[in-house]
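Trainee: Residues per chain, in single letters:
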Amino acid sequence: MSRVSIDFVYLFAGACFVLALRWMSAPTTARRGIWVGEVGMAAAVVATLLKTEVVSYQWIAVALVIGATIGALMAIFMPMTAMPQRIALSHAFGALAAALVGTAEFYLDTPHIRPFKMAVLGAEVLLGFLTFTGSLMAFGKLQELIPTRPVVFRGQNVVNLSILAAAVGIVVFLVPHPSSKELFPILAVLALVFGVELILPIGGADMPTVISILNSYAGLSGAALGFVLDNKVLIIAGALDGSSGFLLSVIMCRAMNRSFTNVLFGAFGQVQTGGPAVIEERPVRSGSPEEAAMILDAARSVIIVPGYGLAVAQAQHKARELADALGARGVDVKFAIHPVAGRMPGHMNVLLAEAEVPYDQIYDMDSINPEFPHSDVALVVGANDVTNPAARTNKGSPIYGMPILNVDQAQTVMVVKRSMNPGFAGIENELYYNEKTMMLFGDGKGMLTQLVNELSNARV
Amino acid sequence: MLTRVEIGLYVFVLATFLGFEVIRRVPSLLHTPLMSLTNAISGIALVGSLVLAGSNRGTLATVLGTLAVTASTINVVGGFMITDRMLRMFKRRGERAPREAPSDTSREPAQ
Chain A
1 MSRVSIDFVY LFAGACFVLA LRWMSAPTTA RRGIWVGEVG MAAAVVATLL KTEVVSYQWI
61 AVALVIGATI GALMAIFMPM TAMPQRIALS HAFGALAAAL VGTAEFYLDT PHIRPFKMAV
121 LGAEVLLGFL TFTGSLMAFG KLQELIPTRP VVFRGQNVVN LSILAAAVGI VVFLVPHPSS
181 KELFPILAVL ALVFGVELIL PIGGADMPTV ISILNSYAGL SGAALGFVLD NKVLIIAGAL
241 DGSSGFLLSV IMCRAMNRSF TNVLFGAFGQ VQTGGPAVIE ERPVRSGSPE EAAMILDAAR
301 SVIIVPGYGL AVAQAQHKAR ELADALGARG VDVKFAIHPV AGRMPGHMNV LLAEAEVPYD
361 QIYDMDSINP EFPHSDVALV VGANDVTNPA ARTNKGSPIY GMPILNVDQA QTVMVVKRSM
421 NPGFAGIENE LYYNEKTMML FGDGKGMLTQ LVNELSNARV
Chain B
1001 MLTRVEIGLY VFVLATFLGF EVIRRVPSLL HTPLMSLTNA ISGIALVGSL VLAGSNRGTL
1061 ATVLGTLAVT ASTINVVGGF MITDRMLRMF KRRGERAPRE APSDTSREPA Q
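These protein sequences, in sequence, are chains A and B. Mapping to our numbering: the first sequence position 445 is 445, numbers consecutive. Mapping to our numbering: the second sequence position 96 is 1096, numbers consecutive.
Please keep in mind that the hints were generated in silico from the structure rather than gathered at the bench. Check before you lean on any hint, since a few could be wrong.
[Unchecked claim] Mimicking BS3-like on lysine-lysine, the simulated pairs with C-alpha atoms at most 27 Å apart in a straight line are:
1. Lys181(A) / Lys1091(B)
2. Lys181(A) / Lys117(A)
3. Lys1091(B) / Lys334(A)
[To be verified] Using C-beta positions, here's what the derived DEER-type ranges look like:
4. Arg1093(B) / Ser56(A): 30 to 36 Å
5. Phe260(A) / Arg1025(B): 22 to 28 Å
6. Leu1002(B) / Leu145(A): 46 to 52 Å
7. Thr1059(B) / Phe173(A): 25 to 31 Å
[Stated by the list, open to error] Some chain A residues judged to face chain B by a derived CB distance under 10 Å, without partners named:
8. Glu53
9. Gly71
10. Ile76
11. Gly169
12. Asp241
Predicted model only: the values in this text are computed from it and were never measured. C-beta: ideal position from N, C-alpha, C; glycine also.
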């Protein structure tokens, strides 16, 4: 196949990718988006295999078979609760591929590498390797193979910044001196170490942001690889991936009222170490499943607010059963999702969809908040900080300014919770002491099951 | 006449802006499938890896190329498949077919 026709196939693939993302804007067209993306990808791969440079196919065949098998097995068997882990792994694979190709290009072309190419190659390898180990670390934290709490030590930022500065220094030196082969492995090692160091001080609650940032890095390293190989479709795909990751991390940061630098360089847990020592015993109203079921039965509108705790308790299906039971009694049921519910952007929506909650029953924060004042019951299951009114009112609170779901504006608030222990961030939740709030102590799945049973008994 | 580098920069900048505009319209409902789809798409690095693995430019290139092909194929195949698996679960009210019946009957017995 001629070079020009291959370039046209790549252009076609790039257009397919843009269209694929365009169709992701609605659930009704999204699957069409996958299809057009697959068509673009298949065309690009076939055209590449027909390139004149590609002369031997045995290793390609082996790698394609192994890769396709692993990819398919992961796609079929990975549980939906493990989606963040899978995404973290795929960032790692994508970044590794980019970094390895960049490395090979360096050794093949040195010492004759033009300055611009060397600069993007250096940036690409640096980003690729740091995203590789960074994503593996994120995977480890999400899978709880390594401690999810922030690991911090004195002078950490100084150490990290020196590692990064050294790596950048090597890239800068290599631009006019691409023959200094011996520096390249040092660059790779520094980047690998920096990736580990970057994620070490970040706590589990920040994972949605971190995954989005790593997504952005993986995209950028892909785009840089496109410059190295002078391949436009790589630049397009990398730019789309990079901007998507960047946009999502901005959304996540905004939803947590944090800045990028704050996520990356400030461990969240440290803020309130002095705080909660003096908590006076305040009365809370605790309710039984029977009472709760009665109130729910009499309600006209109920908003269920699920958090990641719901998924941990594997109670998504029970939540859907409760919604169905209430729906059958003429109660209007909605689900309200905070942007950072779950461990990655949009995670909670996927978990509810898996439990067969229809997506037009699921509302995001901005569209549901005006509805709380008109609703009879807000039922909070496994969510904590994102419902804390202190974020609106208490300037001293570490989460002050964070946008929250205004559950306290509902007529009655029910909170399903194991105990009064403060949540992940260790912050007291004012909501639990509100006189409108009824605490339902118990495990999420068990409590929802009881509520469903109570409701069906009431009908008999 | 533009150099290759300049054309590349044009493409990069325009594609980034296009990306922002397109992705801004994706509702938060679909953010997880979005991320998994962009992952699959950025597996296009596969085309670079294929050339490296198949062009007989020495052992190093073949080894690194083969590893890179494996890694990107995992992303491409796995990414498209799992995105589809997720999106198949997103249903509107009423689209949810036969599951209604058993949960209804389960209410009656026991008592």
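Trainee: Does the beta carbon distance between Arg1093(B) and Ser56(A) stay inside 30 to 36 Å, or does it fall outside?
Mentor: Once the Cβ atoms are compared, 55 Å apart, the range 30 to 36 Å for Ser56(A) and Arg1093(B) is violated.
Trainee: For the hint on Glu53(A), just tell me whether its beta-carbon gets within less than 10 Å of chain B.
Mentor: Given a least distance of 4 Å, the restraint on Glu53(A) holds.
Trainee: Minimum Cβ distance from Asp241(A) to chain B below 10 Å?
Mentor: Constraint on Asp241(A) satisfied, holds at 4 Å.
Trainee: Was the hint right that Gly71(A) lines chain B, CB cutoff 10 Å?
Mentor: With Cβ-Cβ at 3 Å, under 10 Å, it holds.
Trainee: Does the Cβ-Cβ separation between Thr1059(B) and Phe173(A) fall within 25 to 31 Å?
Mentor: holds (28 Å)
Trainee: Is it true that Phe260(A) and Arg1025(B) lie within 22 to 28 Å of each other by Cβ?
Mentor: holds (23 Å)
Trainee: Hinted pair, alpha-carbon criterion (27 Å max): Lys181(A), Lys1091(B). Please report holds or violated.
Mentor: violated (55 Å)
Trainee: Does the Cβ pair Leu1002(B), Leu145(A) satisfy 46 to 52 Å?
Mentor: holds (49 Å)
Trainee: Please check whether Ile76(A) passes as an interface residue: C-beta within 10 Å of a C-beta belonging to chain B.
Mentor: Nearest chain B Cβ about 7 Å off; hint holds.
Trainee: Does the alpha-carbon distance linking Lys1091(B) and Lys334(A) stay inside the 27 Å limit?
Mentor: holds (15 Å)
Trainee: Hint validation: Gly169(A) versus chain B, beta carbon distance must be below 10 Å. Holds or violated?
Mentor: Gly169(A) check fails; min Cβ-Cβ to chain B is 24 Å, beyond 10 Å.
Trainee: CA of Lys181(A) to CA of Lys117(A), is that 27 Å or under?
Mentor: holds (15 Å)
The structure fails to meet hints 1, 4, 11 from the earlier list, while all remaining hints are met.
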